[in-house]
Amino acid sequence: MSAARKFWTSLFNLLTELRQPGRGSSWLVGILLITTIAMSAANLLLPADSPLYVSTYTITLMGKYLCFAMLAMAVDIIWGYCGILSLGHGAFFALGGYGMGMYLMRQIGDRGVYGNPDLPDFMVFLNWQELPWYWFGMDQFWFAVLMALAVPGLLAFVFGWLAFRSRVTGVYLSIMTQALTYALMLAFFRNEMGFGGNNGLTDFKDILGFDLQADGTRVALLLVTTLLLVIAFLSSRAIVQSRLGRVIVAVRDTEARARFLGYRTERYKVWLFVYSALIAAVAGMLYVPQVGIINPGEFSPLNSIEVVVWVAVGGRGTLYGAIVGALLVNYAKTRLTAIMPDAWLFALGALFVIVTVYLPSGLAGLLQRFGGQQNGKSASVEAERESSNKPSIGMREVNA
Amino acid sequence: MKQLLLSGCLLFCLLLVSTTWAQSESAPAAVDGLLQQLTEASLREVGSVVEQLERTGGESMRPLFETMLAGDLYYHRQTGALMAVDKNAEGDRIGRDVFSGADLGVQSRRDIKKIRVNNRLRGQLRDTLARLDLRHGSTAEQRAAVLAILDELTEQNMRLLQRVADTDVNGELRELIGLAEAMVQLRDSSDRVVRIAAIETMSGRLENPVRNQLRRVVNDERESDAAVKAAAQKALDRIDGRMAFFGSMEQLFFGLSLGSVLLLAGIGLAITFGVMGVINMAHGEMIMLGAYTTYVIQQLMPNAIEYSLLVAVPAAFLVSGSVGVAIERGVIRHLQGRPLETLLATFGISLILQQAVRSIFSPLNMQVVTPAWMSGSLQINPVFSITFNRFYILLFALAVFISLVMILKKSSLGLNVRAVSQNRNMAKAMGVRTELVDAMTFGLGSGIAGVAGVALSQLTNVGPNLGQSYIIDSFMVVVFGGVGNLLGTLVGGFSLGVANKFLEPATGAVLANIIVLLCLILFIQKRPKGLFPQRGRAAE
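As they're listed, the protein sequences go chains Y and C. The first sequence begins at 1 in the UniProt record's numbering and counts up by one. The second sequence begins at 1 in the UniProt record's numbering and counts up by one.
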């Protein structure tokens, strides 16, 4: 009894420490690294009948979750810190994924069903004679990675530049991001696009010469994912804690005031948007080899909006909250869809409603409330209070 | 087209058979001998038998010819009795009296023999039926018959046409017959003046045979008369010009039809968005609820499908409207002034509603019946027709739009709604019950979405994903037109619809959709507040 109590208090202490920007985040990094290394070791070193053995399925699942966590973090950076609610981040994720998918497709070589050394199966099936120009160079890993970063980055830049320069904000911006991903989904569903139509890219064999089905490759992918997540997390934390980060929060809270003080707010927004899109693209690149497929479904608006709920559950404006939220919700999704598939949309919908109405600052806010006020309020919660007291700028604009 | 008309006639006639012919029990006595010949004649002789049958039997022989044309005419080997034979679901051959339609029971394969028809005979039968139509049919059937005859201008047919022209007085029919005469003159006459006059008559006509004949004249190398050729070319150009014109008219109509759907879908959103600043992501599901209400109403009144839509419109308004009020009271009220949060919360609600419909009805599409008065089309000329369902929906959308404008301009609710949308706090201070107005506004917007669902159920499949496919489009309409501006929604809806349909032939439907979306994204850069932004103090 007392042992259990001790466990809960220590867990609680751990969680309360998590909300402190410095130490809590380090804790999260530590936990992530240790967990994945332990899982990897358990998968590779232990025999399959050992009670501590971690199956390859679990490894892959964990890798997938971490990719989602990275995507959620990307959304959190611009939504939580800059107030831009992007309902289209799935587009950057999917574009990154398609970049990696094209590379993996080219690695299949003549092992496809039709055995064509140059053309992927779906092109043979559609009677294409040669690779379209945008597939050239995709058999080189470095080039594919470059493109998988450049394309979403460029898209984010152009879109952000157009949108922020003309001061599209609030709900309008959200709808436009959603329309963007919707348009891309329609485009990628077309067979003529040269990306496999509604089947997408699949049937991958190996990456950089390693068999994708092998346990070792799976573990390596998980470790790389963890490492990149940690790097993205640390760099994002560095950004939001720097002076730059404070300007960004100022833009979120009252953009007009920041502009009057002389900040070119649209530039901050554009570059943060591009940065966030790049992280999403990296997440997509890591996601594809682990899941083994990329198709236009990833562009569907529902997927992008789901990411927002992960962030909202974890607590926006706290980078670790996005990660924790993504892991929790996805774990719940895996379990729930296995037990009762029909209930998942009910649960997700209820989660949307409950979190927005009752938990506006997510689990992180919940911790805050239980932890008392002694550590001072974080910027996000303060902004939340402020915005609920008075009608926000967005509201007035929408009212217009 | 001709096929369609013919099969339409056929259906109509089958109906006639089952009603009128039910009284007379068997074949008319005068033709009994000829009918017997039909069973004994060789394939070559059948043609002349059919001719005689037409002369003696006339209109009463129609079911026989139709059965024969369909290849369903058989006779009994022993008794020699003619019968129509259909296969039922089990594959049994069921005999049916050709004339009375009386059931003759299951026939064994050995007992019956088919009366064979070849292509030549089929052509003859079609001509015969067309002649019957000309003599005895309704105006529409006569018209169809003349059109069919235009394809095959034999001397016999022409004589028939002239006979009809002498008796009949219908102006349009006479014109068509004149057209047929002109075509014959162009073909057979050697007089240049007559031929050019014939071309003059033909020019501007959109019937297919006319165009084909003119093209033959233009391309015919043996045609030596240059003046005739030039006249034919000119007439052909004129026809092509008219066809292009009516083709774009048809596209315009389809565009307006799509626009009316977008208007219906967007207008409810415009209200809630404009007045409350609330993005209702569940708006698409309100449309879906309206469509499902139509389905349920039709299930409840299967014997009065004709009136089901009239019941469904108010019912859908009530269902979607009350769900909307519930959403407002339950969720949106708690999120005052946080538009992004309402967006998320209502998205959650949309997921719940979709899954609820999926669990209650099934994930499959539901069949909603189109009442007879809404099906069919108005044929303005051979290349341009207006389908009734789309036409009614266009009218309906305009009616909804006008009544909504009336509500907002004339009623006290409208006054309050406008006051709240302009300055919520001031309205509150003046004693407007803003909370009640919010609930009513949301109910109104959702109710109109439900009504839109009734209209949509007549155009697309009714399924759980119905709403999703319209939500982004309706947002675009609202954003394009300018938020809170009903006129903007009207213009936005129609212009997006028309733009979409005019792009479609060049690019394909999906690409047209994408291009319109991208243009909109660019448009919003230039005019973030839409086509008709609100001006004055309220605006910023």
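Please note that a few of the clues may not be correct.
Stated by the list, open to error - Listed next, the stretches of chain Y that the computed footprint assigns to chain C, with coverage defined by at least 3 CB atoms under 8 Å from CB atoms of chain C:
no.	segment
1	113 to 121
2	305 to 313
Stated by the list, open to error - Pairwise CB distance ranges, derived in the manner of DEER restraints:
no.	chain 1	residue 1	chain 2	residue 2	range
3	Y	TYR358	C	LEU310	41 to 51 Å
4	C	GLY204	Y	PHE136	48 to 58 Å
5	C	LEU310	Y	ASP342	45 to 55 Å
To be verified - Sample of chain Y residues lacking proximity to chain C, with all beta carbon distances greater than 10 Å (derived):
no.	residue
6	LYS6
7	LEU244
8	VAL353
The set of hints was computed from the structure by calculation and includes no laboratory data. Source: prediction; values computed, not measured. Think of the CB as a built atom: it goes at the ideal place given N, C-alpha and C, for glycine as much as any other residue.
Okay, the hints, checked on the actual structure:
1. 113 to 121: This one is violated; 0 residues, fewer than the three required, reach chain C with a Cβ under 8 Å.
2. 305 to 313: holds (count 4)
3. TYR358(Y) to LEU310(C): 41 to 51 Å: holds (43 Å)
4. GLY204(C) to PHE136(Y): 48 to 58 Å: holds (54 Å)
5. LEU310(C) to ASP342(Y): 45 to 55 Å: Given about 35 Å between the Cβ atoms, the range is violated.
6. LYS6: holds (38 Å)
7. LEU244: holds (23 Å)
8. VAL353: violated (4 Å)
Hints 1, 5, 8 from the list above are not met by this structure, while the remaining hints are.
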